[in-house]
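Asker: Listed here are the chains, written in short residue letters.
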Amino acid sequence: MSDSYQDATVTHDRENCIGCGMCALLCPRYWSMNPDDGKSDLVDAKKGKNLYQRKVVHEDIDENKAAAEACPVNVIKVHTK
Amino acid sequence: MESTGKKVPHTVELMAPVGSFESLQAAINAGADSVFFGITQLNMRARAASNFDFKDLAEIAKISQKHGVRTYLTLNTLLYDHDLKLAYKIIDAVKAAGIDAIIAADMAAITYANSIDVEVHISTQLSISNIESVKFYAQYSDMIVLARELTVPMMKNICTQIKEQDIRGRNGKPLDIEVFGHGAMCVAISGRCSMSLLTDNSSANRGACRQNCRRSYKIIDEQTKTQLKVENDYVLSPEDLCTVGLLDELVDAGITVLKLEGRGRSADYVDTIVRVYREALDSLNEGTYSQEKVVEWNKRLGTVYNRGLSAGFYLGKPFVEWSGIYGNKATKRRELVGAVTHYYPKVGIAEVLVQENPFSHTDEYVFTGRTTGVLRGEKPEIQVEGEVVGVAQKAEKVTFKVAGRVREGDRLYKIVGVSE
Numbered sequence: 001m002s003d004s005y006q007d008a009t010v011t012h013d014r015e016n017c018i019g020c021g022m023c024a025l026l027c028p029r030y031w032s033m034n035p036d037d038g039k040s041d042l043v044d045a046k047k048g049k050n051l052y053q054r055k056v057v058h059e060d061i062d063e064n065k066a067a068a069e070a071c072p073v074n075v076i077k078v079h080t081k
Numbered sequence: 001m002e003s004t005g006k007k008v009p010h011t012v013e014l015m016a017p018v019g020s021f022e023s024l025q026a027a028i029n030a031g032a033d034s035v036f037f038g039i040t041q042l043n044m045r046a047r048a049a050s051n052f053d054f055k056d057l058a059e060i061a062k063i064s065q066k067h068g069v070r071t072y073l074t075l076n077t078l079l080y081d082h083d084l085k086l087a088y089k090i091i092d093a094v095k096a097a098g099i100d101a102i103i104a105a106d107m108a109a110i111t112y113a114n115s116i117d118v119e120v121h122i123s124t125q126l127s128i129s130n131i132e133s134v135k136f137y138a139q140y141s142d143m144i145v146l147a148r149e150l151t152v153p154m155m156k157n158i159c160t161q162i163k164e165q166d167i168r169g170r171n172g173k174p175l176d177i178e179v180f181g182h183g184a185m186c187v188a189i190s191g192r193c194s195m196s197l198l199t200d201n202s203s204a205n206r207g208a209c210r211q212n213c214r215r216s217y218k219i220i221d222e223q224t225k226t227q228l229k230v231e232n233d234y235v236l237s238p239e240d241l242c243t244v245g246l247l248d249e250l251v252d253a254g255i256t257v258l259k260l261e262g263r264g265r266s267a268d269y270v271d272t273i274v275r276v277y278r279e280a281l282d283s284l285n286e287g288t289y290s291q292e293k294v295v296e297w298n299k300r301l302g303t304v305y306n307r308g309l310s311a312g313f314y315l316g317k318p319f320v321e322w323s324g325i326y327g328n329k330a331t332k333r334r335e336l337v338g339a340v341t342h343y344y345p346k347v348g349i350a351e352v353l354v355q356e357n358p359f360s361h362t363d364e365y366v367f368t369g370r371t372t373g374v375l376r377g378e379k380p381e382i383q384v385e386g387e388v389v390g391v392a393q394k395a396e397k398v399t400f401k402v403a404g405r406v407r408e409g410d411r412l413y414k415i416v417g418v419s420e
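Protein chains in written order, with my numbering: chain A, 1 to 81; chain B, 1 to 420.
If you are wondering where the hints come from, they were derived from the structure by calculation, not from laboratory data. It is possible that some hints are incorrect.
[Claimed, not checked] The calculated DSS-like cross-link candidates involving lysine-lysine, where the alpha carbons are at most 30 Å apart (straight line), are:
#1 Lys401(B) with Lys379(B)
#2 Lys95(B) with Lys156(B)
#3 Lys62(B) with Lys95(B)
#4 Lys299(B) with Lys329(B)
#5 Lys77(A) with Lys85(B)
#6 Lys7(B) with Lys225(B)
#7 Lys329(B) with Lys293(B)
#8 Lys46(A) with Lys55(B)
#9 Lys65(A) with Lys85(B)
#10 Lys7(B) with Lys218(B)
#11 Lys173(B) with Lys156(B)
#12 Lys173(B) with Lys163(B)
#13 Lys49(A) with Lys332(B)
#14 Lys299(B) with Lys49(A)
#15 Lys55(B) with Lys49(A)
#16 Lys156(B) with Lys299(B)
#17 Lys47(A) with Lys85(B)
#18 Lys332(B) with Lys46(A)
#19 Lys47(A) with Lys66(B)
#20 Lys46(A) with Lys85(B)
#21 Lys299(B) with Lys135(B)
#22 Lys7(B) with Lys299(B)
#23 Lys55(B) with Lys77(A)
#24 Lys66(B) with Lys89(B)
#25 Lys47(A) with Lys55(B)
#26 Lys156(B) with Lys85(B)
As the structure is a prediction and not an experimental result, all values here were calculated from the model.
Whole structure, please, built from the sequences with the hints as guidance.
Answerer: Written as structure tokens, this is what we have:
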């Protein structure tokens, strides 16, 4: 099975987010701006040691990758394996 | 030393950049009258590794107040709607912690601070360049930072008008005028640049500038394929601002605050620039400001991080010089030796574990630490295991007498010359 049919894990180093809003613009079903501290939230993510993370189904990987690519401080990562 | 005899009495406030407790202590020890710093992502150094947090505000205020140093928090990015709650929370925290003022550019921050009586300084991000703008923003603030693109006569005119028209700040006192004295310059109007946003989605106006202007570029005529030679390829990277040589003119113009830029820089950088400008400002009061001193000050400023030093736009040049280099032109750099493992206060001796680079009895050195700030020295009489040695190697514990107190965990660097 090729990678593109696998689900992915998306992680968010929220602490270093600078609240530019790009992820929420490009991938609104997964990302939203939190008005309490001006940073973005990865919807339904669980907090690990330092990162927030959640599974993403393969149809939604590209949209999350677009968010990751647009992030000016590289705090969003999409892990496909 | 021969003085020009020019005495320019003044009470100009010297403001230092602070990105860590180390730098804060260094700025205080070096003679700063005030410091500025940022917390969270809403400041123009949002990317900097060394920003403070909410929990640090009370301590910053306490340490600074003890030394009579005023504290200003930068909250000068553009604010989006989703930032407002955080911005208000920061301003509330400034008030609660006893920080003296915020430096702001967005009316959302300015009007909120006004509403809870937190002092406001108008950031250079608003590019205030004429007396009418000054008058307008004086309604909301007590200090205005002028645009870095003004010339000294333009600044002088504004300061004179403030006196003549008796323009006062919100606090009822004559409005303070601040200008940049030293540090980085922008190819665009101070931070109001979209280059980083366009290329990297990373907005300079949100404190996330990628500084891609600092790289080298080639300009090629697509039609003829001729490459334009523009002195060098750093066609977007201006040299840094340095005003120690025109400080007499700046002070004479009537400015009341001189800001040194560099919140992302190290504590020894802060130490060096604050000491130099402190001496320069003091010498104007004493009437001992001289060209010989300017030469020496410039030399000292050249030892720490710089992209080449120029007078920026202050002397009315059509454009500033290009830096001609990527990054640093400093004539000296520091190399980590190791960390302090013990200090013997009665005899004033430091014990350092050499972890990175060997340490020699001929070295010039600097300690930096959270409480120590910066402590310099040279030609240490070093001992290893009680024996006098010439050089202490890695993994050895070296002891030597130091001029002041250092503390366990402080880092020791040696200062080495950079060959051309």
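Asker: Of the numbered hints stated previously, which ones are contradicted by the structure, given in increasing order?
Answerer: Those not satisfied are hints 2, 6, 10, 13, 14, 18, 19, 21, 26.
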